[in-house]
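K.L.:
Protein chains in written order, with the working numbering: chain H, 1 to 233; chain D, 1 to 346.
Hints in this document: simulated from the structure, not taken from any laboratory. Heads up, some of the hints might be wrong.
Claimed, not checked - Pulled from the structure, derived: some chain D residues nowhere near chain H, Cβ distances all over 10 Å:
1. F40
2. Q216
3. D262
4. L330
5. L342
Unchecked claim - Which chain D residues face chain H? A few, computed with CB under 7 Å, are given here:
6. A149
7. E251
8. L254
9. A257
10. G259
11. S261
12. I265
13. A267
14. S339
Where a beta carbon is used, it is the ideal one built from N, C-alpha and C, also for glycine.
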Amino acid sequence: MRNPELALVVKNLTKYYDEKVCALKDISLSVHRGEWITIMGSSGSGKTTFLNIISGLDRPTSGEVIINGSDIARVSTDELTRFRRENIGLVFQQFYLIRYLNALENVMLAQYFHSMADEEEARQALKMVGLGDRLHHLPSQLSGGEQQRVCLARALINSPKLLLADEPTGNLDKANEEMVMRLFQERHKEGYTIVMVTHDPEVAQLADRVIHFDHGRILSEKQNGVRCVEAKS
Amino acid sequence: MADLVNSSLDIHRKGGSQFWAYGGNILVLPQGSPSGDVSFIVEGDMSRLEEGELAQSVTGYLPFLYNQAEINGQKVILGGTWLDEIPELSPWWQITGTWPQGRENTRDALVGARAAEKLHLEVGDQFIIKYGDNQPSFNVAGIVTTGAAEENQVFVALKTAQQLTGMTDKVGLVQVSARTVSQPLAQVSRLIEQNIPGTEARIIGQIAKAESQVLQKVQLLMMLVAGLILIASGLVILSTMTTTILERTKEIGLMKALGASDRRIIALYGTEIGIVALVGGILGYLIGFLLARFIGQQVFNSGVSPSILAFFASITVAMLVTFTGSLLPLYRAAKVNPSATLLREE
Numbered sequence: 001m002r003n004p005e006l007a008l009v010v011k012n013l014t015k016y017y018d019e020k021v022c023a024l025k026d027i028s029l030s031v032h033r034g035e036w037i038t039i040m041g042s043s044g045s046g047k048t049t050f051l052n053i054i055s056g057l058d059r060p061t062s063g064e065v066i067i068n069g070s071d072i073a074r075v076s077t078d079e080l081t082r083f084r085r086e087n088i089g090l091v092f093q094q095f096y097l098i099r100y101l102n103a104l105e106n107v108m109l110a111q112y113f114h115s116m117a118d119e120e121e122a123r124q125a126l127k128m129v130g131l132g133d134r135l136h137h138l139p140s141q142l143s144g145g146e147q148q149r150v151c152l153a154r155a156l157i158n159s160p161k162l163l164l165a166d167e168p169t170g171n172l173d174k175a176n177e178e179m180v181m182r183l184f185q186e187r188h189k190e191g192y193t194i195v196m197v198t199h200d201p202e203v204a205q206l207a208d209r210v211i212h213f214d215h216g217r218i219l220s221e222k223q224n225g226v227r228c229v230e231a232k233s
Numbered sequence: 001m002a003d004l005v006n007s008s009l010d011i012h013r014k015g016g017s018q019f020w021a022y023g024g025n026i027l028v029l030p031q032g033s034p035s036g037d038v039s040f041i042v043e044g045d046m047s048r049l050e051e052g053e054l055a056q057s058v059t060g061y062l063p064f065l066y067n068q069a070e071i072n073g074q075k076v077i078l079g080g081t082w083l084d085e086i087p088e089l090s091p092w093w094q095i096t097g098t099w100p101q102g103r104e105n106t107r108d109a110l111v112g113a114r115a116a117e118k119l120h121l122e123v124g125d126q127f128i129i130k131y132g133d134n135q136p137s138f139n140v141a142g143i144v145t146t147g148a149a150e151e152n153q154v155f156v157a158l159k160t161a162q163q164l165t166g167m168t169d170k171v172g173l174v175q176v177s178a179r180t181v182s183q184p185l186a187q188v189s190r191l192i193e194q195n196i197p198g199t200e201a202r203i204i205g206q207i208a209k210a211e212s213q214v215l216q217k218v219q220l221l222m223m224l225v226a227g228l229i230l231i232a233s234g235l236v237i238l239s240t241m242t243t244t245i246l247e248r249t250k251e252i253g254l255m256k257a258l259g260a261s262d263r264r265i266i267a268l269y270g271t272e273i274g275i276v277a278l279v280g281g282i283l284g285y286l287i288g289f290l291l292a293r294f295i296g297q298q299v300f301n302s303g304v305s306p307s308i309l310a311f312f313a314s315i316t317v318a319m320l321v322t323f324t325g326s327l328l329p330l331y332r333a334a335k336v337n338p339s340a341t342l343l344r345e346e
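With the sequences and hints as input, model every part of the structure.
P.N.:
Pasting the structure below:
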C-alpha cells in the first residue's frame with residue numbers, strides 16, 4: 001500500500017552472502033519524505049549492506065524495499081538500473097571521481113546517464129557547493145573536501161528522491177567535514193530525504209533520527225536524541 | 001601485418017614486371033658449359049634468326065651483353081645492346097633525352113633513372129666508364145625509366161661494350177619477339193635452338209608460369225605469417241583489454257551506480273576501442289606501406305605501389321581483431337558489480 005508521506009519503507013529485509021553469512025536479519029523501518037536518518041554501527045553491522053540494497057546496487061535475500069510505491073527487490077536488472085538513475089543520489093567516502101574528467105565533466109557524467117548533459121545546470125550545481133571557481137580542475141587538483149563537494153553536486157544534479165551517503169566525512173579533516181555537513185543541512189532544509197551511514201556521533205546528531213545496527217539487526221533508534229526503539233534481547 | 005598484406009598483394013605485379021621487363025616473348029640464352037664457365041652466344045649466329053622458317057616468325061630481336069663496370073667510383077651493371085632498337089622491342093621504356101642513333105655509336109649511353117640519381121648524372125653530362133684498364137668517356141644521351149631493374153643499369157652500344165670488355169662478337173642473351181600466327185611459340189623456340197646450336201630458347205610464358213608458382217608460394221607464406229601475427233595480436237589485445245578493464249573496474253562500477261546500463265557500458269567502451277582500432281589500422285597501414293616499399297626496393301629494386309585494398313583491409317582487420325580480442329573484457333566490463341567495487345562492508 002502506498003503512503004505518499006513515506007520516501008522509503010523496508011519490511012523484513014534479510015541478506016545472506018553465499019547462503020551462510022547473514023549481513024541483515026529481518027530489518028523493518030520507514031523513512032518519511034524530507035527526513036534525515038543516520039545509520040550507525042560497528043564494522044560488519046550491516047549498515048553498508050543496507051545502503052547497497054536501498055540504493056538498488058544489491059538485492060536482498062528476502063523482504064521488501066518500497067520506494068515510490070514500488071518494491072525494488074522484485075524488479076528486473078534493467079528496471080533496477082533505471083530506478084537507480086532516476087531516484088538515487090550517491091555520496092561516497094572515497095568520492096569516486098573519474099580522474100581524467102574535470103569537476104564539471106564529472107557532474108555532467110551523471111546527467112549523461114540520466115538523460116542529457118546540461119553544462120549550465122552542472123555549473124550551477126558546482127556553484128551551489130561553492131566550487132564555481134574550480135569547474136575545470138581535475139580531481140587530482142582538488143582537496144579532499146572539494147572532491148567530496150563535487151561528489152555531492154554529482155549526487156544532487158538529477159534531483160534524486162533519496163540522497164544516500166556512505167561515510168561522507170570519513171576522509172575529511174575537521175574544517176572540510178563542517179563545510180560538507182553544512183551542505184547536507186542545507187539540502188535537508190530544501191526537503192531532500194537523506195540516509196547517511198557514519199561512524200561519527202557528531203555527524204550523526206545532525207540527523208532527525210539515528211538508527212544503530214548491530215550484527216545485521218536494528219539495535220536502537222533515537223528520534224532527535226530521544227531513544228524511541230530498543231531491540232528486544 | 002599491413003606490410004605483409006601490401007607486399008603480398010603487390011608481389012605478383014612486381015614479380016611479373018620484373019620478368020616482363022625482358023621484353024619479347026622468347027629469351028635465347030647460351031647453354032651452360034659442363035665446366036661451369038660463363039657461356040656466350042656468338043653475335044654472328046644471331047643472323048640465323050632472320051633465315052628460313054624463322055624469318056616468317058621472328059619480328060625482331062635485341063642482344064644484350066652484361067658486365068660489371070665502375071662509374072664515378074661506384075660499381076654498376078653495364079649493358080651492351082642495340083640502343084637504336086630499344087624503342088621498338090621495349091616500347092614501355094620511357095626516356096628523358098634522346099635515343100642514341102646507330103649501332104656503332106661509341107659516344108652515347110643510356111642511364112637508368114636510379115643509376116643516374118646515384119651517380120649524379122644528367123642528360124648531356126660526360127662520364128667515364130672504367131673496366132679494367134679501359135676508361136672511355138661517354139655522353140648521357142638519355143635517362144630511362146622502365147619500372148624494373150634496368151633503372152639501376154647503364155647501357156651502351158653492343159659493339160662498344162664488346163670492345164671495352166674484350167668480349168668481341170659475344171652476346172649474353174637475346175630477347176626475341178616472335179609472331180605466333182604461322183606456328184606456335186614452342187615450335188619457334190625449337191627452331192631457334194636448332195638453328196643456333198649451343199643455345200636454349202625459353203618461352204617467356206613458361207618462365208612466367210614457373211615464376212608465378214614461386215610467387216604463389218611466397219604469397220601463401222606471407223599470408224600464413226600474417227595469420228599468425230593476427231592470432232598473436234588478438235591475444236595481446238585480449239590481455240591488454242583485460243588489464244585495462246580490471247584497472248577501470250571502479251570507474252565502470254561508478255558509471256553503473258550512476259545508472260549506466262550494461263548496453264551503455266559496452267557502447268561506451270566499444271566506441272573507445274573502435275577509435276583506437278581505427279587509428280591503429282591507419283597507422284598500421286602507413287607504417288606497413290613504408291616497410292613494404294623498403295622491402296620492395298631491396299628485393300625487387302622498385303617500390304611497392306600503395307593499395308586502397310590494403311588500406312581498407314588494414315582498417316577492417318584492425319577492427320575485427322580488436323573487437324574479437326575485446327569481446328570477453330567488454331562482457332566483463334558490463335557485468336561489473338557496482339556494490340562490490342564501490343561500497344563494501346567494513
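K.L.:
Decide, hint by hint, whether the structure agrees.
P.N.:
Do the hints match the structure? See the list:
{"no.": "1", "hint": "F40", "result": "holds (74 Å)"}
{"no.": "2", "hint": "Q216", "result": "holds (50 Å)"}
{"no.": "3", "hint": "D262", "result": "violated (8 Å)"}
{"no.": "4", "hint": "L330", "result": "holds (17 Å)"}
{"no.": "5", "hint": "L342", "result": "violated (6 Å)"}
{"no.": "6", "hint": "A149", "result": "violated (54 Å)"}
{"no.": "7", "hint": "E251", "result": "holds (6 Å)"}
{"no.": "8", "hint": "L254", "result": "holds (5 Å)"}
{"no.": "9", "hint": "A257", "result": "holds (6 Å)"}
{"no.": "10", "hint": "G259", "result": "holds (2 Å)"}
{"no.": "11", "hint": "S261", "result": "holds (5 Å)"}
{"no.": "12", "hint": "I265", "result": "violated (10 Å)"}
{"no.": "13", "hint": "A267", "result": "violated (12 Å)"}
{"no.": "14", "hint": "S339", "result": "holds (4 Å)"}
Hint violations for this structure: numbers 3, 5, 6, 12, 13, all remaining hints satisfied.
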